[in-house]
Structure formats: C-alpha cells, structure tokens
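2 protein chains.
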Amino acid sequence: MKSTVISVDAMGSDHGPAAVVTGISRAARARPDLEFLIHGDSAILEECLRRHRRLVDRCSVQHSDAVVTMSEKPSQVLRNGRSSSMWAAVDSVKNGHANALVSCGNTGALMAISQLRLKRPAGISRPAIACLWPSVNDHGFNILLDVGADIRADERDLFVYGLLGAAYAKIGMGLKSPRVGLLNVGTESHKGRREIKAAHELMANHADKGSYRYVGFVEGSDIPSDRVDVVVTDGFTGNIAIKSVEGTAALIRSFLKDAFTHTLLSRAGAVFAYTSIKRLFKRIDPRRANGGVFLGLNGTVIKSHGSADPVAVEAAILLAGRLAKSQVTSSVVAELSDWGNNSGALAATRQKASAA
Amino acid sequence: MKSTVISVDAMGSDHGPAAVVTGISRAARARPDLEFLIHGDSAILEECLRRHRRLVDRCSVQHSDAVVTMSEKPSQVLRNGRSSSMWAAVDSVKNGHANALVSCGNTGALMAISQLRLKRPAGISRPAIACLWPSVNDHGFNILLDVGADIRADERDLFVYGLLGAAYAKIGMGLKSPRVGLLNVGTESHKGRREIKAAHELMANHADKGSYRYVGFVEGSDIPSDRVDVVVTDGFTGNIAIKSVEGTAALIRSFLKDAFTHTLLSRAGAVFAYTSIKRLFKRIDPRRANGGVFLGLNGTVIKSHGSADPVAVEAAILLAGRLAKSQVTSSVVAELSDWGNNSGALAATRQKASAA
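In the order they appear, the protein sequences are chains A and B. What the first sequence shows, in our numbering, is residues 238 to 593, in sequence order. What the second sequence shows, in our numbering, is residues 238 to 593, in sequence order.
No lab work stands behind these hints: they were computed from the structure. Take every hint as true, because none was put in to throw you off.
You can't tell identical chains apart in this list, so a pair holds if it fits in one copy or across any two.
Computed list of lysine-lysine pairs in DSS-like fashion (alpha-carbon distance at most 25 angstroms, straight line): (1) Lys494 <-> Lys515; (2) Lys310 <-> Lys434; (3) Lys519 <-> Lys494; (4) Lys310 <-> Lys428; (5) Lys446 <-> Lys413; (6) Lys428 <-> Lys356; (7) Lys356 <-> Lys331; (8) Lys446 <-> Lys434; (9) Lys356 <-> Lys310; (10) Lys331 <-> Lys239; (11) Lys310 <-> Lys331.
Start from the sequences, fold in the hints, and give me the full structure.
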C-alpha cells in the first residue's frame with residue numbers, strides 16, 4: 238500500500254513551528270502509514286525535527302523563504318505570497334506530491350491560495366469551511382458549514398453547502414443518509430431572510446437525489462443536538478456562532494477549574510472525582526474538534542486553529558489523513574459535477590422558489 | 238413612595254400560568270415595593286393565586302379571553318389579537334396602569350404589538366432586543382443586541398443599537414462609559430459586510446457624543462470577555478449566537494451531571510465538592526440571565542424565555558422592576574431624541590462612510 242502524504246505548512250501557528258512539528262510527531266505515532274512534507278524555514282524546521290527521531294524517515298522538509306502573517310489581506314497574499322510556505326504547501330497538493338494539506342495560518346489567505354491553485358469544480362461558485370461541533374449524536378460530532386470561507390451565500394450556495402456537508406458526513410462519519418438542517422431564527426416556514434426561504438425550497442425538493450434527509454429549519458440550539466447531522470448556514474453567521482460557543486465554552490471551563498480549586502473540600506472532591514473530571518474536560522476539549530475542512534475544491538485542505546497546540550495539530554493531521562485516504566474531496570467533486578450538469582433543473586427550481 | 242407596577246402576561250409560558258404566578262410570588266418576596274397587574278384567563282389565574290397568599294393585596298387580575306400561540310405570525314396577531322392577554326398587557330403600559338411589562342409569549346407577536354401600541358420615538362427605525370450574557374466582567378454580564386427583533390439591520394440601525402445598548406449599560410449596570418463593540422468575523426478593518434464597515438465608521442466617529450467608548454470590531458469569542466460591555470449585531474446573527482451558546486451550555490451541563498454520577502468515586506467527589514459544584518451551576522444557570530429587553534420603544538417591555546420556570550420568571554420580573562424604577566426606557570428615548578434631531582450630521586457621516 239502506497240502511504241498517504243500530508244503536506245504541512247509549519248509556519249502559521251501562534252505557538253511557532255516547534256509546536257507544529259510536535260503535533261506531526263504525535264500524528265505519526267498514531268498513524269504509521271502517514272508521511273509528511275513539511276514547508277517553512279528549513280533551518281528552523283531541521284532544528285525542531287532533531288527532537289523527533291520518529292520522523293527521520295517519514296518526512297521531508299521543503300524550504301520556503303516567506304511566511305504569510307495573520308494580518309495580511311488575501312488579495313495581498315495572492316499578489317506577493319508565491320514564496321510563502323502556505324503557497325508551497327497548497328502547490329504540493331496541486332502537483333500530486335501530497336494527498337492533503339494542513340495549515341494553522343491565515344484562513345482568508347489559505348482559502349484564496351487554495352481557490353487560485355486547486356480551483357473549484359464546475360457548479361460550485363463558493364467553497365465552504367466545514368467544522369465539527371461536539372454533539373449528543375452517537376458519532377459525537379455534528380458538522381457545521383460554512384464557518385467562514387465567505388461572508389455571503391445565496392440560496393444556491395446554501396443548497397450546495399448542504400450537498401457538500403452531506404457528502405462529508407457520509408464519507409467522514411460513515412452515515413448512510415445524513416440529516417441536513419438549514420440554520421434560521423426559528424423553525425416556522427415564514428421566518429428568515431429571503432435567500433434562506435429559497436434555499437429551504439431547494440433543499441427540500443432535492444433531498445432524494447442528494448441522498449440526504451432534509452429536516453428543515455433548525456435553530457442555534459439544535460447545532461449540538463441529535464435532530465441533525467449537518468447544519469448549513471452562511472459563513473458570516475457560522476463564524477460568529479462557532480466563535481461565540483468557543484468563547485463561552487472557555488468561560489465555563491475556567492469556572493469549572495475555579496470550582497475545584499476554591500476550597501480545601503472542593504479540592505478533595507476533585508481528587509475523588511479525578512477520572513470523571515478528566516473525562517468531562519476531554520469531552521469539552523476544543524482541541525479534539527480542531528480542523529476546518531475546505532469543501533468544494535479539487536484537493537483536500539484542512540485549516541487548523543491558529544492557536545493550536547501539539548494535541549490540536551495532531552487532531553487536524555489525523556483528520557487530513559482520514560479524508561485523504563477515503564478521498565472525500567473527489568467524491569464530493571463527483572457528486573457536485575452531477576449536480577452541475579443538472580443545472581437546468583436546478584435553475585428551474587430556483588426560479589420557482591424565488592417566485593414563491 | 239408610589240409603588241412600581243409590573244404588568245404580566247401570564248398565558249404565554251410553556252409551563253402554563255401556574256409557573257408564571259409562582260415566579261411573580263418569588264419576585265414579590267424579593268421586591269416588597271412591586272405590585273402586579275396579571276393578564277389572562279381570570280378563572281385559571283384566581284385558582285393559581287390561591288396558593289400565593291403573599292400576592293393577595295399586591296396584585297389584580299385583568300381577564301382576557303384569548304391567548305397568542307407560539308405558531309401565530311405577527312401579522313395575524315396584529316389583525317386578530319386585540320382580545321389577547323398579550324395585547325392587554327402592552328396596553329396597560331401604554332395607558333400608564335403599569336410601569337413595565339413581562340411576557341413569556343411569542344417574541345414576534347410581542348414585538349409587533351409593542352411597536353403598534355407603544356410606538357417608536359423619532360429617529361429609531363428598528364427597535365432591538367438586548368439580552369444579558371454571562372461574562373468575566375466585574376458586573377458578571379455583558380449586553381448583546383439585537384438578539385431577534387428584526388432579521389435585518391443597516392448601518393444606521395447598528396449605530397442606534399450601540400447607543401441603546403450603551404444607555405442600557407449605563408442605567409442597568411451603573412457603568413459610566415460603557416465599552417461598545419461591533420460583532421464581526423474578524424477584528425481587521427477590511428473584514429465584514431458593507432453595512433458593518435459603514436456602522437464601524439459611524440460608531441467610531443460618534444463615540445464622544447454618545448458617551449461610550451468604541452472598542453471596534455469584536456468576534457464571537459469576545460462576547461463573554463472583559464474587552465467589552467455591549468456587543469452590537471443584527472437580529473439574525475444575534476439570535477443564532479445566543480441560541481448556539483444556550484444549546485452548547487446545556488450540553489456541557491449534561492456532561493457535567495454525567496461526570497458526577499458516573500462512578501461511586503465521582504459521586505463521593507461530588508459530595509465533597511457540593512458547594513463548589515452548586516456555585517458553578519449557579520454561574521452557568523441560564524435562568525439568571527432570563528429577560529430580553531425591548532429597547533427603542535416608548536415603554537419598558539421584557540420578553541422572558543418561553544420555557545421559563547418560576548426562577549427564570551422571577552429574574553425577568555426583577556429586571557423589569559429595576560428598569561421601570563430607573564426609567565431606562567425614557568432615558569434612552571431622551572438620548573435618542575437628541576440624536577434624531579441631529580440627523581443631518583448623522584446623514585453626512587453616513588454618506589461619508591458609504592463613499593469610503
């Protein structure tokens with residue numbers, strides 16, 4: 238069996254390349270079939286790699302002179318970013334040297350380079366970023382998209398996000414017929430913006446062909462619920478939702494730590510309940526869900542959180558490994574090409590939805 | 238001192254009028270200066286009141302034949318809702334029989350009736366619903382608005398929301414110069430939708446006159462932070478954000494309960510840590526923050542959560558009591574009238590912002 242190669246842009250993390258390399262090493266231990274192509278400043282990277290003998294035969298370093306910073310605009314990076322580690326990492330997927338790519342860097346820049354170099358298949362006007370959200374479902378996570386690829390989405394984009402999300406759930410989670418919901422401010426059909434009502438029609442009418450179950454409008458409180466597997470929204474709303482929840486979850490974790498260090502008795506309680514508390518923290522650990530998947534491109538790109546530590550980087554790389562091996566992206570592309578070819582029927586439905 | 242009268246629509250709660258009346262009774266114990274005007278089916282309400290002798294001399298019941306249901310559209314309620322308890326409760330504020338109103342009912346209907354009967358002061362085209370969000374700030378809460386009065390907001394609406402939120406923070410929380418932030422998908426100035434960039438200009442340019450400090454763009458993760466006291470967004474985004482967090486906080490609470498009942502040892506730990514755990518649950522108890530304030534109307538209206546139990550109803554009524562006594566609404570109205578009269582200068586800034 239030919240091994241799976243993961244391309245890693247090692248320069249974008251808030252914690253520096255050392256944290257990324259440690260994350261790669263952890264992932265290498267978990268998945269002996271993975272190999273790595275690491276992009277960045279080779280002097281720094283070779284130094285980091287000395288501490289990880291496990292990686293000696295399993296990774297190669299490709300030097301890049303430049304780094305994309307967090308404050309650069311995507312348009313600047315497209316003009317001036319050709320010598321960056323991010324650009325090289327994307328190109329290694331484009332050229333077939335790697336099966337998937339992971340970067341902790343600037344999301345807008347990564348999306349812009351990925352769109353330019355990997356291209357979108359016919360029928361997709363906007364890619365989306367899909368993230369995993371802890372849920373009470375059996376598989377432990379729901380999928381939310383778009384969480385920030387684009388601040389706009391019309392009804393056709395939202396409809397395509399539903400297809401992309403369903404395909405991801407099928408391949409990534411092994412679900413046969415994922416339940417897809419459309420995020421709105423209420424579940425009644427008269428609620429929401431015009432494009433959301435139009436997308437509602439499209440998604441309901443095409444559920445059979447898309448081999449998903451459309452559950453209709455869902456609310457923010459349904460995102461972690463077992464009503465749904467995939468939640469569709471525009472990138473502005475999705476980004477605000479996920480960051481709001483991250484912020485509040487972090488607040489609750491700090492309250493929790495306070496509670497168990499507040500008094501001697503509570504410290505004693507924490508000792509007794511140690512394994513339970515540890516399990517709880519693991520269940521609400523955002524690092525486990527690290528990794529936003531770019532859907533709708535000719536290639537697998539995973540955006541890791543910029544503040545990812547080695548545990549979180551490992552999670553993103555293992556996600557890339559799963560998706561690269563199961564070829565989720567090419568499956569999504571195939572499904573969407575069908576839809577693209579069927580754009581006449583889609584346009585007719587869209588017209589009907591707009592007229593309604 | 239003349240007592241403060243709170244008008245309560247007792248018919249909208251998921252738990253029925255008995256839960257609302259119990260909530261009123263709890264609030265009456267906490268605030269001996271409050272009196273109540275209770276709207277709904279008088280036969281049912283008189284029956285409920287028998288169990289609360291504390292309320293005998295402090296409340297009067299006003300019979301209504303009809304109830305607004307959760308599924309009714311606002312337009313239907315405006316046509317056919319004149320005999321409902323919700324309509325009567327709003328009218329009691331309009332007619333000066335009560336200082337503020339609390340309802341657990343249909344949010345859209347409550348906003349529609351409130352707008353029709355109480356009217357908006359000059360200069361406000363859209364009212365907003367402001368909610369309290371647990372935070373690490375000294376006062377324990379931040380203010381988020383709009384969380385669902387309207388799914389649209391242009392730059393001027395967002396700017397006015399900032400003024401309304403700042404006034405609420407000044408009067409409701411006693412802050413002298415509240416910090417106001419504008420919710421966006423990033424803090425860099427090139428990010429976000431057109432109207433958000435335009436509102437950014439307006440809010441920055443008018444911070445002195447509005448006597449708030451404008452902190453610029455904030456992200457979802459900043460909502461519970463100490464970077465800001467008031468977070469401004471449109472009602473679609475705000476509604477999704479608050480419900481997403483409510484859903485995830487509920488998930489974490491259920492994980493927490495699991496953790497402390499999982500094994501005998503963890504149960505023992507819970508006994509030791511009992512007071513700390515209880516304090517933790519209190520800090521993340523959504524009932525403490527119950528009560529969305531309708532800002533931008535000629536009258537104080539509080540929307541309680543539909544699923545509010547007596548503890549949550551009490552919180553909403555105590556909030557109404559605080560705001561009615563400190564006359565937050567008329568203060569906001571006064572501040573906004575000034576701004577309305579100054580609309581020439583505002584329009585000029587707006588034009589400049591649009592051109593930028």
